[in-house]
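> This is what each chain is made of:
Number of protein chains: 4
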Amino acid sequence: MDDPDQPAAPAIQARVAASFERQGLMAHLGARLGHIGPGRVHILLPERPELTQQNGYFHAGATSAIADSAGGYAAYTLFPEDTSVLTVEYKINLLAPAEGDHLEAVGTVLKPGRTLTVCRLDVFGVRGEQRKLIAAGQQTLIQVAGRPER
Amino acid sequence: MDDPDQPAAPAIQARVAASFERQGLMAHLGARLGHIGPGRVHILLPERPELTQQNGYFHAGATSAIADSAGGYAAYTLFPEDTSVLTVEYKINLLAPAEGDHLEAVGTVLKPGRTLTVCRLDVFGVRGEQRKLIAAGQQTLIQVAGRPER
Amino acid sequence: MDDPDQPAAPAIQARVAASFERQGLMAHLGARLGHIGPGRVHILLPERPELTQQNGYFHAGATSAIADSAGGYAAYTLFPEDTSVLTVEYKINLLAPAEGDHLEAVGTVLKPGRTLTVCRLDVFGVRGEQRKLIAAGQQTLIQVAGRPER
Amino acid sequence: MDDPDQPAAPAIQARVAASFERQGLMAHLGARLGHIGPGRVHILLPERPELTQQNGYFHAGATSAIADSAGGYAAYTLFPEDTSVLTVEYKINLLAPAEGDHLEAVGTVLKPGRTLTVCRLDVFGVRGEQRKLIAAGQQTLIQVAGRPER
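Chains as they are written, first to last, in the numbering used here: chain A, 1 to 150; chain B, 1 to 150; chain C, 1 to 150; chain D, 1 to 150.
Do not rely on the hints blindly, as some may be mistaken.
Unchecked claim - So the derived list for chain B, only partly shown, Cβ under 8 Å to chain C, looks like this:
#1 N93
#2 L95
#3 K111
#4 V118
#5 T140
Stated by the list, open to error - Computed spacing ranges between beta-carbons, pair by pair:
#6 E21(C) with R22(B): 54 to 60 Å
#7 A96(C) with R131(D): 35 to 41 Å
#8 E81(D) with R32(A): 44 to 50 Å
#9 V144(C) with A18(B): 49 to 55 Å
#10 P49(C) with R127(D): 31 to 37 Å
Hints in this document: simulated from the structure, not taken from any laboratory. Every residue, glycine too, gets a C-beta built ideally from N, C-alpha and C.
Starting from the given sequences, assemble the full structure and let the hints guide the process.
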C-alpha cells in the first residue's frame with residue numbers, strides 16, 4: 001500500500017469527492033472532506049446546535065456518521081474503478097464527550113481485500129490547537145463488483 | 001422488568017420526551033419518538049433526500065443515529081430520576097439496503113444494570129404494510145449518577 | 001427458512017458433526033454439539049477447572065469459543081454442500097459471571113446471504129433447572145465457495 | 001501514561017503474573033505471558049493440534065481467548081492495587097488465517113478510566129522471522145473496586 005499520509009492520485013480524489021457529494025446526509029450535517037490518501041480519508045464536521053445530543057455534545061449518531069463515511073471512503077480509494085463500497089458493520093466506542101470547534105474522523109484501511117476490507121476509525125474533537133481522541137472503532141466493508149456508483 | 005410492549009408510566013414517557021427534544025440531531029434529521037415502554041423505545045425516521053448515502057438509501061449514519069438514541073432511551077426508562085445515560089459503545093450490522101417510507105429503530109434492554117445496561121438494536125425499513133429488518137446491533141450504556149440532564 | 005427449532009436434515013447434521021470433530025479446540029475444551037436445526041446450532045461446555053479465568057468463572061475465551069462455533073455452524077446448516085464457512089468478525093457482551101454446571105451457546109442466523117451471513121449469539125449458564133443469559137453477541141460469517149472442508 | 005514498551009514496575013508484573021496463573025484456561029491452552037508494560041501486555045500461544053478449527057488453523061476461540069486476556073491485563077497494569085478487572089465486551093475481526101509457530105496477542109490501553117478502560121487488541125501469527133497481523137479488535141473493561149482478586 002502507498003503512504004496513506006500522501007494525497008491519493010487525482011482521479012481517485014475526484015472519485016471520492018463525487019461520491020461524497022452524492023451523500024445527502026453529509027451535506028445536511030455540514031460535513032466536508034479533508035485529506036484523501038491511499039487507504040486513508042479524513043472528514044470534518046463543524047460544531048452546530050443541529051448536531052447535539054441531550055447534553056449539548058455532538059450526538060453519537062453524528063460522530064458515527066462521519067466515522068462510517070471516512071472508513072468507507074478510505075476503503076474506496078483502494079478499489080478498482082467499476083466497483084462500489086458498502087458498510088457491512090462497524091463497532092465504535094465513545095471515549096469522551098464529543099466536543100470541539102469541529103470533529104475530525106479518520107478512516108484508515110487496516111486490511112485491504114478483494115471482497116472485504118477492514119478499517120480503523122478514529123474521531124478527534126478539535127478545539128483550536130487541541131486535538132483529543134473522542135471515539136474509536138473498527139469497520140468491515142464489502143466491495144461490490146460490476147456496480148459503479150453512477 | 002415490566003412488559004416492554006406496554007406504555008411506560010406517564011412520568012417516564014415525559015422524561016424521555018423532554019430529553020429527546022434536547023437532542024438537536026433528532027430534530028435536524030426529522031426523527032420522532034414512537035412507542036415508549038419500560039425497557040423499549042421506538043424512533044421513526046421518514047425518508048428525505050437529506051438522509052441519503054451515495055446510492056440514495058438511508059445513510060448508515062442516519063440508521064445508527066436513531067438506533068443509538070432508541071437504545072439509549074430504552075435504558076433510560078429503567079434509570080432512577082436523578083441520573084443520565086451515555087452510550088459507551090455499540091456495534092451494528094447493516095443487513096440490507098436501508099429503504100422505505102420511514103425507518104423504525106427499536107431499542108430493547110437485554111440486561112439492565114446499576115452501572116452498565118446492554119441493549120439490542122433493531123432497525124426496520126417500512127414501506128406501507130411491509131416491514132423489513134435492515135440493521136441489527138448491540139449497545140452498552142452507562143448510568144451516570146447524580147447528574148440529571150437539566 | 002425452515003423452523004430452526006426443528007432438527008436439520010440428517011445429511012446436514014452429519015456435515016456439521018463431521019466439521020465439529022475436526023475442530024481440535026472443541027475437543028480440548030470438552031465441548032459437544034447439542035441441537036442442530038436449520039439456522040440454529042447449540043454447543044454445550046461442561047464446567048472444568050481448565051476453563052476458568054482468575055476468579056474461577058468460565059473464561060471469556062471459552063465462552064467466546066463455543067459462541068463463535070455455534071454461530072458458524074448455524075450459518076453452515078444453510079450453506080450449499082461444496083462450501084465452507086469462516087468467521088469474519090464478532091462482538092460479544094459478557095453480561096454476568098459465566099457459571100453453571102455447563103454453558104450452552106446458541107447460534108441463530110439473523111440474516112442469511114450468499115456471501116455474508118449474520119448470526120445472533122446467546123450463551124446461557126445452566127445450573128440444574130436454572131438457565132441464565134450470561135453473554136450475547138453478533139457475528140458476521142462468510143461463505144467460501146468451491147472449497148469444501150475436506 | 002508511561003511508555004508501554006518499557007517493562008512495568010516489578011510489583012505490577014508480579015500482580016499480572018499471579019492473576020494469569022489463576023486462569024485455568026491459559027494453562028490449558030498452553031499460553032504464556034510475554035512483555036508486561038504499563039498499559040500493554042503480550043500473550044504467546046504456541047501451535048498445537050488441540051487449538052485448531054476445522055481447517056487446521058488456530059480456532060477463533062483460541063485467538064480471542066489470548067486477545068481478551070492480553071487486553072484485560074493491559075488494563076490491569078494501570079489499576080490500583082485493591083481492584084480487579086472484568087471484560088465488559090469486545091469485538092474482533094479475523095483478518096487472515098491464524099497460523100504460525102505461535103500467535104502473539106498484544107493488548108494496548110487506548111483510553112484508561114476510573115470505571116471503564118478501552119483497549120485495542122492485535123493478534124499476530126509468527127513463523128520464524130515473519131509476523132503477520134491475523135486479528136484486530138477493540139475491548140471495553142470495567143474496574144471493580146474493593147474486590148482484589150484473592
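> Now look at each hint and say whether the structure bears it out.
Hint check:
no.: 1; hint: N93; result: 5 Å, holds
no.: 2; hint: L95; result: 4 Å, holds
no.: 3; hint: K111; result: 4 Å, holds
no.: 4; hint: V118; result: 5 Å, holds
no.: 5; hint: T140; result: 6 Å, holds
no.: 6; hint: E21(C) with R22(B): 54 to 60 Å; result: 57 Å, holds
no.: 7; hint: A96(C) with R131(D): 35 to 41 Å; result: 37 Å, holds
no.: 8; hint: E81(D) with R32(A): 44 to 50 Å; result: 48 Å, holds
no.: 9; hint: V144(C) with A18(B): 49 to 55 Å; result: 51 Å, holds
no.: 10; hint: P49(C) with R127(D): 31 to 37 Å; result: 32 Å, holds
Comparing the model with each earlier hint shows no violations; every hint is respected.
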